[in-house]
Structures are given as structure tokens and as C-alpha cells.
Amino acid sequence: MSGAVDTGVAIRTNRVTRTFIYLFLLLFALFYLLPLAVMLINSVKPLSEITGGNMMALPNVWTFEPWREAWSSAQIGVQPTGLRPYFINSILIVVPAVAISTIMGALNGYVLTKWRFRGDTILFGMLLFSCFIPFQIVLIPMARVLGMIGLAGSVPGLILVHVVYGLGFTTLYFRNYYSAFPTELVRAAQIDGAGFFRIFYRILLPLSGPIIVVTIIWQFTNIWNDFLFGSSFAGQASQPMTVALNNLVQSSTGVKAYNVHFAGAILAALPTLIVYIVSGRFFVRGLMAGSVKG
Amino acid sequence: MARPVQSDLRTRLQEWIPKIVLAPSVASMLIFVYGFIVFTGYLSFTNSRILPSFDLVGWHNYWRLFQLPTWTIAVQNLAIFASLYIAICIAIGLTLAIFLDQKIRGEGMLRPIFLYPMALSFIVTGTAWKWLLDPGIGIEHTLHLWGWESFHFGWIKSSSMAIYTVVIAAVWQSSGFVMAMFLAGLRGIDNEILKAAQMDGASNWNLYRRIIIPQLRPAFLSAFVILAHLAVKSYDLVIALTGGGPGRATELPATFMYSYTFTRNEMGVGAASAVIMLMTIAAIMIPYLYAELKEPK
Chain A
1 MSGAVDTGVA IRTNRVTRTF IYLFLLLFAL FYLLPLAVML INSVKPLSEI TGGNMMALPN
61 VWTFEPWREA WSSAQIGVQP TGLRPYFINS ILIVVPAVAI STIMGALNGY VLTKWRFRGD
121 TILFGMLLFS CFIPFQIVLI PMARVLGMIG LAGSVPGLIL VHVVYGLGFT TLYFRNYYSA
181 FPTELVRAAQ IDGAGFFRIF YRILLPLSGP IIVVTIIWQF TNIWNDFLFG SSFAGQASQP
241 MTVALNNLVQ SSTGVKAYNV HFAGAILAAL PTLIVYIVSG RFFVRGLMAG SVKG
Chain B
1 MARPVQSDLR TRLQEWIPKI VLAPSVASML IFVYGFIVFT GYLSFTNSRI LPSFDLVGWH
61 NYWRLFQLPT WTIAVQNLAI FASLYIAICI AIGLTLAIFL DQKIRGEGML RPIFLYPMAL
121 SFIVTGTAWK WLLDPGIGIE HTLHLWGWES FHFGWIKSSS MAIYTVVIAA VWQSSGFVMA
181 MFLAGLRGID NEILKAAQMD GASNWNLYRR IIIPQLRPAF LSAFVILAHL AVKSYDLVIA
241 LTGGGPGRAT ELPATFMYSY TFTRNEMGVG AASAVIMLMT IAAIMIPYLY AELKEPK
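Each protein sequence line maps, in turn, to chains A and B. Counted from 1, the first sequence has number 111 at position 111 by full-length UniProt numbering; the numbering is strictly sequential. Counted from 1, the second sequence has number 37 at position 37 by full-length UniProt numbering; the numbering is strictly sequential.
Be aware that one or more of the hints could be misleading.
For the chain A half of the interface with chain B, some residues (derived, Cβ under 10 Å), not all of them [stated by the list, open to error]:
#	residue
1	25
2	33
3	38
4	72
5	107
6	114
7	120
8	140
9	213
10	232
11	235
12	237
13	246
Read the hints as simulated data drawn from the structure, not as lab findings. Every residue, glycine too, gets a C-beta built ideally from N, C-alpha and C.
Just need the whole structure built from these sequences, with the hints factored in.
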């Protein structure tokens, strides 16, 4: 009766129930889409149409001026620089932090599954717990240490912070992925004389594509969206995008340019949204792997 | 003659390489995580104000913390926020997952729509909802323009209701993710058992209540743990949505810690509040992680 591939639960539902289910799902789709849609519509309206008009109405006059302003001339803090320099800061922070934490996580996962030693589970448990600590507990000493090593208020300082507190998750991903990988293959290569790094490059790495993508997406999203570390440790010149956006939106001087705020918010959301649209499948896998073992 | 010695050295080196590779991560974890926890723990027993001080004052900061009305508000807010956030996310997530699992047309379209908020920064979410919930320009204003003059929704401006607006925005952001967790759980259930139960004449309602939902226990547990720890850590969303206001009405432990440590120069009290946050999370996470790691592979 049913096809060869039977995914969902074969519940018998009547027409009324199904209509209700569809309505319910569509209603929630609207709920999730509403804030983004409102921001998009209102980011291409002149300010007069927002304050006097209906937020759901399409613009009478289409304008991309708010986008230009958010990007290159809006007042952030004291400088009328727009969000561009902060967007660049975020990229300068995210790219090295993601690369370093992913590489270290891959090697850690490899050691913890294929070169096991006494006490490795305890070490991993400690590393895992460090993913979930409230970062408030490290803010005070971290500020001191960054000052002591001369990285306070700098981009390299933020890279260090993100690498250190990202290692738990990257290690978790690779450890779970590699634990399903046959250890016999590693032992056989060892008997043939292959060393630690050769086994990693030749045997494990070529098969690690999916988990590398999952890890990169996870780290990219988390670091790009970070606000606490950025607002605690960045200087005026090294602020990431989220902190700059918050400054733009919360600034109390002058008229609130809502259309510019929305354009700025979308600019801040764009990189992670694009990653999500392009690779949603891996994004979901990453979220799941971060919550459930395996 | 020299050969065995050399190969012996090589194997011994090979034995050390894994530990050398792991060493930087272990060292950074011991310093930046556990060392820092000890440091902050120590500070919580000192009279640190604007800068760390090492003069011990016993439990004074903890005692003071629980005397502060702001901390009481923050803890009460966290209790309200966390319980509603967890309960509503699980209710919405489970319902959406069960409905999506009914061989829905367009599932491939709906799933990403439910899930995309999770990719956004809380600052973006806060910016959007701050405006939607603002009675002067947002939803209330729009409904007035559409003719529903009596509609009133000013929670974000009211000190007794503002914390619930934080719940709304946080649920918007996270419920799709909970849906994905439950959907994965549902897809992992063996269809044969369900068919057998249907054969025996079980109603849909009983099928879910007696067979399917009990089998989702691991998903419930994971969802609870993840949401609980996100709730305790919530900081960005409050900053962007209400800034802790109106007044101190939406203060949470995370915002309390930040303002006492860095703007009110009461570092000892700030450290004590951070320790209490850590203890709360540890009470949830350690049993969970222990159970997860203990299970045989």
C-alpha cells in the first residue's frame, strides 16, 4: 500500500484534521517570517512612511538610501562610519578563529578516539563541560589576562577568546564523528609504518568532509553572532558587527532612523542567513550534534 | 647495533606525539576555563571593587548579593523566563514536529522557515521584536490602522509584563530548533510497532500518548537541558530588546553580573553572582553529561 520509502508515521487523518494541521503550520510559518519580512519592507522605505504609516504596507517610494547609510555613513558611537568597518572586523575575527578552532578540534578528536590513554574520558568530560559554562564566570580574569599579554581591545585578543571557548564544541564534533570510524584501519596503517600525522592526513581527513562543514558552520554562526565577548573585550576599533549594530540601534541622539536600523540588522544577519540557506542541512546537523551525543 | 635504539626512540616519540598534539588544548582549558573559574571563585570572597583585590572578606559578597533587591528581581525574572521559555518552546516544537510528520506537502519549504531564526544573532532578533512590540509603531499601531481601535498590547513598556516580551522573542528564536530535535526523534521511531498498534485499533490520540511521545524521552531531555542552559546564559537578547528595563524590570543574572562588575565597580558582588550562575548550570549539565559519557559506545 505505502511506497518503498516510508518516512513519516502512517497516521490515518481525515480531511478536517488535515486542514487544521495545514492551517496551524501556515500560521506558524507566518509567525516566523513576520519579523524578517517587516524588517525587509521597512528597510526600503523613507523614514516618513514608517513613523506615519503602516508597517505592513509596501513602500510608496522605494529607496535604498537606508542601506547605503547603514553600510557607510550611519553614526556608530562617535564616528559616522556606518557598519562597514565593523563588518570587516567581524570577518577578521571569524575567519582565523573558525580555522584554528576547527583544526585543533579535528586533531583533538583524532587523539581522543584513536590514540586513547588513561584518563582521556575525564579530559573530554572537562572539555565538554567548558562548552556550557556561563561565560560571566571567565569575564573578569579574561579581561586581566588580555591586558597582561597586550591583547586587550584588539582583534587578535578576540580571536584568542573565541578559539579557547570554541574548542569544546569542535572537539566534541570530531570526537563523535571519529569514534564511529573503524580503529582497525588506523592500527593496520600503524603496523605498515605510518606515523601519527600520516594516518590523519591519508585516512581520516579525506573522509571528514561532512563533519568539517558542520563544525565550520557551527563556529561561524556562533562567533559571528557573539555579543558578550565582543562588548566585553573589544576596543572602539575592533568592535564586531553585533556590538556596532547594538550601538547603532540604541544610540539616543537624534531621530531614530528605523529604516537604517533595519538595514543594519539585516546586514548583520546576512552572512549567517546565507550560510544557512546554502547549507541548511549541515546547519541542522550541527545544532543536533551540539545537543545530542553522536 | 644502533638500529634497535633508533627505532625504539622513534616508537617512543610516536607514543608522545598524540599527547603533545592534545597539550595546547588541555593547557588552554585548564587555564582559561578551570583556572579562571577558580580565580573568579576566589574574587567572590574578596573585597574587590573596581579592580581585583586579594583581601578576603568571607561570605560577605554572597550575603550582600541576596540582600540586593536587583538580584532578587533578576533571579525571579530568570525563574519566570526559564520556565515559560522551556515549556512553550517544547510545546510548540513538539506540536510542529508531530504535524510536520504527517506526510505534509511542502515540508521541505516549511522546515527551513521554522528554523532560520536560530541562525540569527540575538541582537538582530531583539532589534526586530523591540520594534514590533512597541505600541507606538509596531503591531498595536498596525492593528489600529486596520480598524481594531481597542487593541492594546503595551507589555514592553510595562514593568510587570516586560519580562514576557523577552519570552516571546526568545521562543521565536529557539522553538524551530526544538522542532528539529523532535522531528529527528520522530523519524527514528520504528514504524512496525505503530502499524501493529493501529492494527489493534488504537486511536491516533492514544498512539501518540502511549507509544510515540514516551519514545521521545531522549529528545525531551536534550531539549530541556539545552534550553535551560541557554536561559541561564541569556544576555544579548535582553540587552537588545529591553536593555534590562523599563527600570530594572527585565534584569537577569547575566545582565546583573555585567553591570555590577563593569559599571557599578562592585567586582566582588559580580563575581559572586557569576559563581551562582555557574553552580546553576553545573547542577543541570553535570548529571546530563555524566549520563551521556557513561553509556557504553
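Comparing the hints with the structure gives:
1. 25: Interface hint status for residue 25/A: holds (6 Å vs cutoff 10 Å).
2. 33: Holds. Min distance 6 Å.
3. 38: holds, 7 Å
4. 72: violated, 19 Å
5. 107: holds, 5 Å
6. 114: With a minimum Cβ separation of about 8 Å from chain B (threshold 10 Å), the hint on residue 114/A holds.
7. 120: holds, 9 Å
8. 140: Where the cut-off is 10 Å and the nearest Cβ of chain B is about 6 Å from residue 140/A, the hint holds.
9. 213: Because about 15 Å separates residue 213/A from the closest Cβ in chain B, which is outside the 10 Å limit, the hint is violated.
10. 232: Hint holds; residue 232/A Cβ to chain B Cβ min 8 Å, cut 10 Å.
11. 235: violated, 15 Å
12. 237: Since chain B brings no Cβ nearer than about 19 Å to residue 237/A, farther than 10 Å, the hint is violated.
13. 246: Result: holds, 5 Å to nearest chain B Cβ.
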